[in-house]
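Since the structure of chain F is already known, use the hints to place chain A on it.
One-letter residues, chain by chain:
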Amino acid sequence: MKTLLKTGIITLLTFATFILSTTNVNAQTKSETDKTYIKIEVDGLSCPFCAYGLEKKLKQAGAKDVLIQLKEGEATMSVSKDQQPTEDELQKIVKDAGFTPKEITFSTTPFKMKKDEK
Amino acid sequence: MNRLIIILIGVLATTSVFAQGPPIFTETPILLGLDGGGMRTFGRFIVKENATVYVQPLAIPYNLGSKTQIGIAGRFININPNNFESVSGFGDLTFFLKQQLYQKDGKGKTFRIIAKLDQVFPTGKTSSMPSIGSDSWQSLLSLVTGYVTLKYGIYGQVGYNITSNGLPDNLIYNAAFVYPLLPQKYPPNQLNLNIGINGNFFTDVNSNTILASGGIQWINSKTALFEAGLQIPIVEEVPEAQKTNYVLTFGTRILIF
Numbered sequence: 001m002k003t004l005l006k007t008g009i010i011t012l013l014t015f016a017t018f019i020l021s022t023t024n025v026n027a028q029t030k031s032e033t034d035k036t037y038i039k040i041e042v043d044g045l046s047c048p049f050c051a052y053g054l055e056k057k058l059k060q061a062g063a064k065d066v067l068i069q070l071k072e073g074e075a076t077m078s079v080s081k082d083q084q085p086t087e088d089e090l091q092k093i094v095k096d097a098g099f100t101p102k103e104i105t106f107s108t109t110p111f112k113m114k115k116d117e118k
Numbered sequence: 001m002n003r004l005i006i007i008l009i010g011v012l013a014t015t016s017v018f019a020q021g022p023p024i025f026t027e028t029p030i031l032l033g034l035d036g037g038g039m040r041t042f043g044r045f046i047v048k049e050n051a052t053v054y055v056q057p058l059a060i061p062y063n064l065g066s067k068t069q070i071g072i073a074g075r076f077i078n079i080n081p082n083n084f085e086s087v088s089g090f091g092d093l094t095f096f097l098k099q100q101l102y103q104k105d106g107k108g109k110t111f112r113i114i115a116k117l118d119q120v121f122p123t124g125k126t127s128s129m130p131s132i133g134s135d136s137w138q139s140l141l142s143l144v145t146g147y148v149t150l151k152y153g154i155y156g157q158v159g160y161n162i163t164s165n166g167l168p169d170n171l172i173y174n175a176a177f178v179y180p181l182l183p184q185k186y187p188p189n190q191l192n193l194n195i196g197i198n199g200n201f202f203t204d205v206n207s208n209t210i211l212a213s214g215g216i217q218w219i220n221s222k223t224a225l226f227e228a229g230l231q232i233p234i235v236e237e238v239p240e241a242q243k244t245n246y247v248l249t250f251g252t253r254i255l256i257f
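Sequence lines, in order, name chains F and A. Going by the numbering used here, the letters in the first sequence line up with residues 1 to 118, in that order. Going by the numbering used here, the letters in the second sequence line up with residues 1 to 257, in that order.
Worth flagging that the hints you see were computed from the coordinates, not collected in a lab. Fair warning: this is a prediction, and the values are worked out from it, not measured in the lab. Glycine residues also receive a C-beta, built at the ideal position from the N, C-alpha and C atoms. Among the clues, some could well be false.
Stated by the list, open to error - So, partial list: chain F residues that the calculated Cβ filter (under 10 Å) puts toward chain A:
1. SER46
2. CYS47
3. GLY73
Next comes chain F alone, as it looks inside the complex:
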């Protein structure tokens, strides 16, 4: 009887864990599909202190998770799909921040980052 009870509890816990993890994965997938990931190649990023101006302007335009990599000359970010800026708008933001925009890439999955720049 004791063994049966123990088995039942373990089964229930396993089932509950499975349900919860499935729900979480679904939520995460939904959240990720709502986002667009953007990578902008930026020329002129020669100084860490002045990169703040670029980060500030990108955030003002609704960008989240802004990451600036000086060595690569890149800025990556995510935006919600309903607020996705156009390429022209992104170029203007970079120019207004005092830099020169180059290639802009839109993606449905996050970009891989180099560890040492995080």
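Then chain A, alone, in the frame of chain F:
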């Protein structure tokens, strides 16, 4: 001669309100794309043979777009002569305008040239002896250039200061080399070594002064930097009693918003 010191204070106090790890004693051609919200202040001790001068300027810039910046700088000055009572008060106000003329960017590097106008208004106190204000309208027009990479920065400035009320005009010439001692990354964690020269040639009296400059800059946040520097005269064509022993500078630059 005291008014000559005040001229130098007036034209140099607005130097590089803020930038990346900009030179401490030379202007930078990089105009940050920030819509205002920055300020710079520092304390500067000018230790001379016959007096010690303390200057505390406050400069506030505002960007009118990515290529134009205006700003205003005021300063508090204390002069402590060796054999007289010390005097203090607010010095002249300076309005400045920067206009970018050229920009060439590459991956992790930039070369820029700007024109800069510093207009000094003689608002400083002149009733004291020695005088706190210059009692002279001054217009300094400069060309500022810089080649900045992630490995180093080279900066230069040449300007001509037109004065009034009997003061000699002066030509200023500054050069600086900035070397980051830590790998450059963002958010910043920077320690920058600054070396350079700061020259001033009073054209009407053919008097030249060149200071050798060195300093260190520490940046460990996106919005603030701290710096300290020392300047020592290597050429100083002034009477012995008025010679400068050294100039010490401690300061901060802050982006508020």
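Against the structure, the hints:
Interface restraint check for SER46(F): the shortest CB-CB distance to chain A comes to about 4 Å, inside 10 Å, so the restraint holds. Satisfaction of the interface hint for CYS47(F) is found here, the shortest Cβ-Cβ separation to chain A being roughly 2 Å, below the 10 Å cut-off. About 4 Å separates the beta-carbon of GLY73(F) from the nearest beta-carbon of chain A, less than 10 Å, and the hint is met.
In terms of the numbered hints stated before, the structure departs from none.
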